[in-house]
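Asker: Can you make the complete structure from the sequences, with help from the hints?
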Amino acid sequence: MLACGEIRTCLLPTRQALDIRAAAQLLGLRADERVLLSERPNLYARSPETLTGVDCPLPSANGARVRAVGTVAARAALTEGRVLQTSAYFRLPATGPDQRRPWGHYLVRPGVLEPFGKLPHEAVAHGVLDGGRHGDLDVGLIADGLLTRLLRHPLLDHCPPLRSRPTRLRWAALPAHPGEGPSLERFTLAEDELRTVRLRVPEDTDSAEIAVLCDDLALHDWLLTTLVRMLDGIALGSGTPPRSRPGAPERPAVLAALRPAVDHLLHLWMPRARVAAELAPLWEALEERPGFTRQWLALVQRIRDQLALHAIPALYREVEPAP
Amino acid sequence: MLVFAASDKGGTGRSVTSANLAYQRALTGDHVAYVDFDFGSPTAAAVFDVPSAMRGTEERGLHSYLEGEIAEPVRIDVWRQTEHPLLRARPNQSGRLVLLPGDAGGGEFATGEEALERCIDLLLRLNGEFDLIVVDLSAGRSYAVDMVLAATAHPRMRNVPFRWLVFHRWTRQHVIAAAGLVHKEHGIIKGGVERGHDEDALRAAIRFVRAAVPDPESPLWSQGSPAQAAWMQACDETLRRLAAEHRIGDSVVLGIVPLEPILQWREQLITEEDVLSTQIANKETLEALEEIALRLTDDAHWGRP
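Protein chains in written order, with my numbering: chain A, 1 to 323; chain B, 324 to 628.
What the hints contain is simulated information worked out from the structure, not anything from laboratory work.
Worth double-checking, as some hints may not be accurate.
Stated by the list, open to error - Calculated from the model, a selection of chain A residues having no Cβ within reach of chain B, i.e. all distances over 12 Å:
| hint | residue |
| --- | --- |
| 1 | Pro160 |
| 2 | Arg229 |
| 3 | Pro271 |
| 4 | Leu307 |
What the hints assert, rightly or not - Rough simulated footprint, nothing fancy, chain B against chain A, three-plus residues with beta-carbon under 8 Å:
| hint | segment |
| --- | --- |
| 5 | 8 to 15 |
| 6 | 142 to 148 |
| 7 | 161 to 167 |
The C-beta atom is built at its ideal place from N, Cα and C for all residues, glycine as well.
Answerer: Shown next, in the form of structure tokens:
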């Protein structure tokens with residue numbers, strides 16, 4: 001068994017977060033199935049799954065052309081009405097038939113791709129994480145297509161409260177060694193926007209549950225990335241702006257720059273909120289190193305300290321706040 | 324904010340000047356995207372000095388994206404991928420500077436509904452990511468011009484602010500042509516109104532940039548004879564009157580870029596080093612570019628003239 005997927009994570013481009021009813025409207029991708037809505041421990045809405053039929057070669061690191069046929073599952077989720085994620089994923093059994101079956105066969109196996117012959121696990125996992133060649137299966141395109149569709153929804157006013165960059169997270173889950181529990185082998189920041197995750201999970205793990213875990217990783221990685229960039233881009237303290245010349249616009253005041261984080265992001269941190277109990281231990285690895293929550297808390301503390309300093313009237317400040 | 328760079332004729336320095344404006348804004352800390360809709364003659368790669376980054380992007384540029392052949396157009400991170408030695412040292416506290424190139428060798432093409440939707444998708448996504456998006460449009464009343472007029476009139480883009488810069492040289496023919504591009508029967512304003520724009524609002528969002536303007540006061544001409552100087556003054560005066568008559572007078576000019584060999588011959592970004600160390604560029608040119616870059620978002624320079 002091999003499960004793979006890709007997730008796009010971005011700020012929902014609206015001035016205000018969507019309430020739970022509006023979220024249900026946005027994510028109602030199918031008339032025949034309801035949007036999953038949940039208010040504990042945070043506001044969360046998840047669309048029904050959509051299926052995309054595919055018949056194409058799988059990406060593979062060693063150039064082996066493995067054709068696979070079946071359906072890729074995709075769905076969208078909105079956390080606290082603020083962060084939008086689209087996630088596409090599939091599962092591959094270790095072997096498949098040598099010829100294509102009628103579509104009915106594949107349609108009753110949503111989110112399953114059957115390889116022709118024996119599946120080279122390792123090569124395909126590598127291929128998926130590194131990105132395939134033109135013409136290979138690209139689940140990122142399916143996630144992106146769903147994102148494009150959602151971003152065309154008339155509910156969105158396209159006035160985001162802050163500028164932020166979307167991220168992509170690719171994941172591949174290989175079978176765990178017999179008798180071993182799930183483990184996170186690697187989490188990399190590949191390019192500016194690309195993250196890759198390599199997991200091992202017991203054979204019987206539901207691929208939808210793995211996708212939920214990876215959604216959760218992607219969400220929190222996006223939050224960290226966004227906050228880091230936000231603090232990176234502002235000139236703290238009252239030092240001279242980088243290019244001061246007459247008439248130059250003032251650097252965004254610290255308060256104006258940090259306020260959107262307080263309004264829209266700081267309350268979103270909640271690792272493992274919906275991760276299945278048997279996969280939750282995978283978070284431990286990231287908490288240990290690099291320490292996701294540790295970094296998040298440091299950033300939040302830094303923002304609160306800045307706000308506190310700026311709350312003191314300038315008159316009473318002996319020194320100007322500096323980083 | 325979206326800034327559309329248009330011109331009636333080629334050779335106005337539209338691409339090189341708008342690229343310099345994008346560069347100047349990135350230096351001040353803005354995240355800037357430069358979108359090359361100059362279908363037919365993409366020069367942005369040369370201006371940003373990213374020739375090798377362009378290799379392999381032939382089928383992954385904006386044409387392919389608009390025609391639906393690829394899901395996302397390729398992006399080039401200028402600070403990281405430029406071969407210009409001065410640009411590689413990205414200044415501290417500068418913002419991102421990203422080029423979205425056209426396809427090498429791609430020409431103009433007819434735009435349909437789907438291309439328009441994809442154009443809107445792209446501009447909206449960039450709007451969520453960048454403070455400033457400079458869109459370089461091919462000369463004349465091109466498909467690119469029509470497409471962005473339709474895109475900005477679309478209900479999905481109702482909250483995205485946009486402004487137009489029309490570049491022209493400081494000659495009789497260019498003044499008349501630039502005025503025609505905006506105000507004439509088949510001009511930008513009429514075309515915009517046909518696509519649903521409010522005429523006054525659109526007019527208020529258009530400003531002109533006079534490019535390659537010889538400044539009679541400049542030391543460049545100080546060696547000339549008194550007769551020459553007088554003649555230049557007279558010509559300048561006549562052109563000003565002509566521009567005013569054609570409704571592109573001083574009140575709707577955002578800035579004036581002096582005649583500058585670097586922009587004319589090399590088409591490159593002008594850095595502080597070009598002015599201070601090597602002195603191959605004129606200080607006035609850099610100052611003019613900095614000033615126009617600031618005015619792009621300074622409301623005092625926009626609104627009804």
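Asker: Three residues minimum, CB to CB under 8 Å: does the segment 8 to 15 of chain A make the cut for coverage by chain B? Let me know.
Answerer: Three-residue rule met by the segment 8 to 15 of chain A, so holds; n is 3.
Asker: Between the segment 161 to 167 of chain A and chain B, see if three or more residues pass the 8 Å beta-carbon test, and mark the coverage as holds or violated.
Answerer: holds (count 4)
Asker: For proline 271 (chain A), which was marked as not at the interface, is the minimum beta-carbon distance to chain B over 12 Å?
Answerer: At roughly 25 Å from the nearest Cβ of chain B, proline 271 (chain A) sits farther out than 12 Å, so the non-interface label holds.
Asker: Does arginine 229 (chain A) really sit off the interface, with its C-beta more than 12 Å from all C-beta atoms of chain B?
Answerer: Non-interface label fails for arginine 229 (chain A): nearest chain B Cβ at 9 Å, not farther than 12 Å.
Asker: Per the coverage rule (Cβ-Cβ under 8 Å, at least three residues), is the segment 142 to 148 of chain A covered by chain B?
Answerer: This one holds; 3 residues, not fewer than the three required, reach chain B with a Cβ under 8 Å.
Asker: Quick check for students: does the CB of leucine 307 (chain A) sit more than 12 Å from each CB in chain B?
Answerer: holds (21 Å)
Asker: Can we trust that proline 160 (chain A) is non-interface, i.e. its beta-carbon lies farther than 12 Å from all of chain B?
Answerer: violated (5 Å)
Going through the hint list in order, the structure does not satisfy hints 1, 2.
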